[in-house]
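K.L.:
From just these sequences and the hints, can you work out the full model?
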Amino acid sequence: MGLTAHTLRHAVAQAAESARRAEDELNAADGKVGDGDTGVMLRRLFEKLSAAASPDQEDIGAVFQSLGAASASATGSSLGTLVTVSMLTLAKETRGRSELPWGEFGSALQKVRDVMMARGGATLGDKTVVDVLDAVATAIDGLADPREIYARAWLVTVNTLDAFRDKPNRLGRARMFAEKSIGLDDPGMLAFSRLLEGLEPQNVR
Amino acid sequence: MGLTAHTLRHAVAQAAESARRAEDELNAADGKVGDGDTGVMLRRLFEKLSAAASPDQEDIGAVFQSLGAASASATGSSLGTLVTVSMLTLAKETRGRSELPWGEFGSALQKVRDVMMARGGATLGDKTVVDVLDAVATAIDGLADPREIYARAWLVTVNTLDAFRDKPNRLGRARMFAEKSIGLDDPGMLAFSRLLEGLEPQNVR
Amino acid sequence: MKKLMNSADDFVDEMLDGLVAAHPSLVREERVIRTTQGAKSGKVGIVSGGGSGHLPLFTGYVGRGLLDACAIGDVFAGPSVDSCMAAIRAADSGQGVLRLYGNYGGDRMNFDLAGELLEADGVRTTTVLGTDDIASAGPEDMHKRRGVAGIIYAYKIAGAKAEVGASLDEVTAAAAKAVARCRTIGVALSPCQIPGASKPTFEIGPDEIEMGMGIHGEPGIWRDKLRPADRIADEMLDRLLADPVEHSSKRVSVLVNSLGATPLEELFILYRRIAQQLAGRGLTVVQPLVGHYATSMEMAGCSVSILSLDEELESLLGAPAECPFWRV
Amino acid sequence: MKKLMNSADDFVDEMLDGLVAAHPSLVREERVIRTTQGAKSGKVGIVSGGGSGHLPLFTGYVGRGLLDACAIGDVFAGPSVDSCMAAIRAADSGQGVLRLYGNYGGDRMNFDLAGELLEADGVRTTTVLGTDDIASAGPEDMHKRRGVAGIIYAYKIAGAKAEVGASLDEVTAAAAKAVARCRTIGVALSPCQIPGASKPTFEIGPDEIEMGMGIHGEPGIWRDKLRPADRIADEMLDRLLADPVEHSSKRVSVLVNSLGATPLEELFILYRRIAQQLAGRGLTVVQPLVGHYATSMEMAGCSVSILSLDEELESLLGAPAECPFWRV
Ligand SMILES: Nc1ncnc2c1ncn2[C@@H]1O[C@H](COP(=O)(O)OP(=O)(O)O)[C@@H](O)[C@H]1O
Ligand SMILES: Nc1ncnc2c1ncn2[C@@H]1O[C@H](COP(=O)(O)OP(=O)(O)O)[C@@H](O)[C@H]1O
Ligand SMILES: [Mg+2]
Ligand SMILES: [Mg+2]
Ligand SMILES: [Mg+2]
Ligand SMILES: [Mg+2]
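Order-wise, the sequence lines are chains A, B, C and D.
The first sequence begins at 115 in this note's numbering and counts up by one.
The second sequence begins at 115 in this note's numbering and counts up by one.
The third sequence begins at 2 in this note's numbering and counts up by one.
The fourth sequence begins at 2 in this note's numbering and counts up by one.
These are calculated hints, taken from the structure and not from any lab test.
Just to be clear, a hint being listed does not mean it is correct.
Taking lysine-lysine and the DSS-like style, the derived pairs with C-alpha atoms no more than 30 Å apart in a straight line are [said to hold, decoys possible]: (1) C:Lys-3 x A:Lys-294; (2) D:Lys-145 x A:Lys-146; (3) B:Lys-294 x C:Lys-145; (4) A:Lys-225 x D:Lys-145; (5) D:Lys-226 x C:Lys-3; (6) A:Lys-146 x A:Lys-294; (7) C:Lys-226 x C:Lys-200; (8) D:Lys-41 x D:Lys-145; (9) D:Lys-3 x C:Lys-3; (10) B:Lys-281 x C:Lys-145; (11) A:Lys-294 x D:Lys-3; (12) C:Lys-200 x D:Lys-200; (13) D:Lys-3 x C:Lys-200; (14) D:Lys-226 x D:Lys-3; (15) B:Lys-146 x C:Lys-200; (16) C:Lys-3 x B:Lys-294; (17) A:Lys-146 x D:Lys-200; (18) C:Lys-200 x B:Lys-162; (19) A:Lys-146 x C:Lys-3; (20) A:Lys-294 x D:Lys-200; (21) B:Lys-146 x C:Lys-145; (22) D:Lys-200 x A:Lys-162; (23) B:Lys-294 x C:Lys-200; (24) A:Lys-281 x D:Lys-3; (25) D:Lys-200 x D:Lys-3; (26) A:Lys-206 x A:Lys-225; (27) A:Lys-294 x D:Lys-226; (28) B:Lys-162 x C:Lys-3; (29) B:Lys-146 x C:Lys-226; (30) C:Lys-226 x D:Lys-200; (31) C:Lys-226 x C:Lys-145; (32) B:Lys-294 x C:Lys-226; (33) C:Lys-251 x C:Lys-145; (34) D:Lys-200 x A:Lys-281.
Using C-beta positions, here's what the derived DEER-type ranges look like [said to hold, decoys possible]: (35) D:Gly-139 x A:Asp-280: 18 to 28 Å; (36) C:Glu-313 x D:Pro-25: 20 to 30 Å; (37) D:Asp-225 x C:Thr-128: 43 to 53 Å; (38) D:Val-287 x A:Thr-237: 40 to 50 Å; (39) C:Val-329 x A:Thr-237: 49 to 59 Å; (40) D:Ser-42 x C:Val-329: 26 to 36 Å.
Beta carbons: idealized from backbone N, C-alpha and C, even for Gly.
P.N.:
Structure, rendered in structure tokens:
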């Protein structure tokens, strides 16, 4: 069992719905430390991704490729571009395959984390989306049961948000607000948690 | 007895002081029906006039001429320009004389009223400075006692403000606010009253 | 409202000093701005003027093929009689001078008085008043209308006419034609404040706009909730095109002008719609202008002007001209 | 904050449509603006890009002797990878392309990725980042500084260099020199609001200013009561001139730029003081620029940039160039 083209498309549709619901909350979070557009960016981006995940593809690598292409044309925001490179990385990893086995999921996320760090220049501890991705990728490493993966991912996501809340942001626009950012969630990490939260665990099978 | 160069200079200095005191009040009055600058214009104008009334002139026409010249260079606001033409008119009337007899004062003011109307296009009843000037010029016509002139002038000024308060403005910027101007004093009329009020009657002798 | 200034009393003079410091093609003499070269011999002179606070109006349009000199008053007050006289003198090379300025009481008194005083010296002057603001009076009271942003078309056209050696009467006629064929309407979103004044020129709710409001806050046609840009553009255009213009034509120029705080982004959103609508009505746009051409300091809002062209106007509009804020 | 727009989602696309409708010298292809003629054969290409909301930046500087193409993102967001690739392609005539844009994380990720993806196709690119904002990091962290209004000097200088047939390396070196010799500082008086955002980018008291604030509201050096324009100008200039510039010279260009709502009147009041102070320090000002050159929509405030010239920079700055918002 693993992630198929069908599951992926469904997850993207769910993420689009979550992004819509979280738009104002994420704008507000970014408004405190950045330029206030994380929510609107994410909502627009996932609208386009959802439209781009064509229903007749079986090759999961091809689906990731169309998501990456759609993202590359849809957004240029920091977080959006990290989504682009994630999709393109996963496309490379899964090209020609009809599913990504759950047992390989954690190591795939580790690759995503690495390209994000290479592209964006963040290091672990900077209080960015990379930190929560790292925590999740590490926590689910080797797990093969999708329900367990989801449960663990959700747990460490919440814990990571908690753990970073009282640290200062060290990267991106929020860096300028380092002191002000203490006590606040990083908008990118918060966005990750909202998207994850919106995935119905029963679909992850 | 009449208006001499000395009395005139003193009156201008008093007017400058009155304009300074009334600046905010006149701005506020103009702010309700116009662009809110009657007070600042008048204060600046009379500062310059006061400086321009040179102390060594005996010819009252020459003093009026320097006041007119100073006004012509200092202001271009509607009310300011009416001050300019008033001064130039009085200069013409008094050229070469060392005083303007009080008995001729009313008819001189009537001339001023006429050039104001010719220059500005206002008609009586438009609720402008012209209306109060007309009322004063008419009321003091033929009077020769300066105390009586002052007392009558003050009385009709107050009455004219009262009489016009509930009429609409029909000219200048306030025309646009015709309905809104009902219940409010015209800034130009109010300015006239403040300047008159500030003249010490004991000086008008 | 916060202003980067030193004192209200010095606002205009310091602004003028900065203007000429930044633009060596301009010279300041008290409250007059003229070209560095001075009146061009054999050419009819063109002067304008008005209150400060409307940059690039009025002083910014002094230059080749536009104005020769400009008399400038305090913020939102007319230029003084002396300034008007000095501007006319600076523009006069002996061929006479067109006084071309907006239809405001104070400005008229001063330019008229200046003209009368100069007549004695044999200076010939004519007058054309900008009256393009359709919201300020009905078509039956055309002569009561205020002059707003559209006057820059009259500058351009009269300036080009003078540049080719036309007579004072011909230059005057060209300016009058430009005014007669130009219509403007504005919409205001937020007020401005005169330096030294205790409060803004008007009040308006945080979600309101006023259609037809004047550049000094003169009341407009209606005040209501903000609506989509396309609806605003459509209404402005409908009103402009419904206003009768003798010999209106199929070729027009359009000016979408910021009153100050409204950014270029929003002007282009409006212009996009206006261009579509004009095309839909079979009108061809020539030399559109989108930007800050006649402002009221930090006021938010915009105006739209339409100039109905004929062959003469189109060629004069396209003739070379150069001032600090407009180059053709 | 009131905006003349139809919807937040259409803001950028409608703005771009209006921009090219008003300026036939520009062509739009999705989120790329390029010159109508396209890449000039034999000439090195220059592209820039960034978030929307800064007009005339970035798209307004596409034109002869300036940029060949520009990739444009949503308001205050970087241009997408695709737009960056398309802009580079549009600018490439085979001589290679300089990527010249401001030092912001999102923009860098996208331009870098685009360059890597195009390398496969044999497109040669170089990068110069605008880093003129002295308030965003100390001199020891020069490479961390943000790019703001001063980048237009780099456009002009790189553009002129490319126009005379210089190689990609030479054009790149000229741009890098312009950046290295340019310093900017800004002061903010009021915020702007991103279309669709629930509130302005920052809050500031009705009598406060913030020295050094960034164009997206990034925090500055101090926030305090408004003070006289001359004191503000002096402090900005002191800070600019105190920042070390290798080979600083006695001839400078100065850009006094409105962030949006601050009117020309106030810019000229500031420029007057700056020109006096520079003269007092024995510096000669060449080609000063005063106006709206790099804005943040309706934000009030201004920035001052100083470019320290040498012979090469001065001649490149003075070379002919033409785009909708700047002509030399
Ligand atoms: N260089 C980077 N590396 C990793 N994450 C980043 C980087 N830059 C930004 N982010 C993440 O993106 C979030 C901001 O996203 P968004 O508001 O869309 O970007 P922008 O700053 O372009 O407006 C931050 O909270 C942070 O988690
Ligand atoms: N044409 C006119 N004729 C007579 N009085 C006028 C005229 N125009 C304006 N006024 C007077 O001037 C006053 C306004 O003065 P002021 O605020 O200085 O002028 P502005 O309208 O130029 O700002 C009005 O209240 C009115 O009394
Ligand atoms: Mg953001
Ligand atoms: Mg007034
Ligand atoms: Mg006034
Ligand atoms: Mg952003």
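K.L.:
Of the hints stated earlier, which fail here?
P.N.:
8, 24
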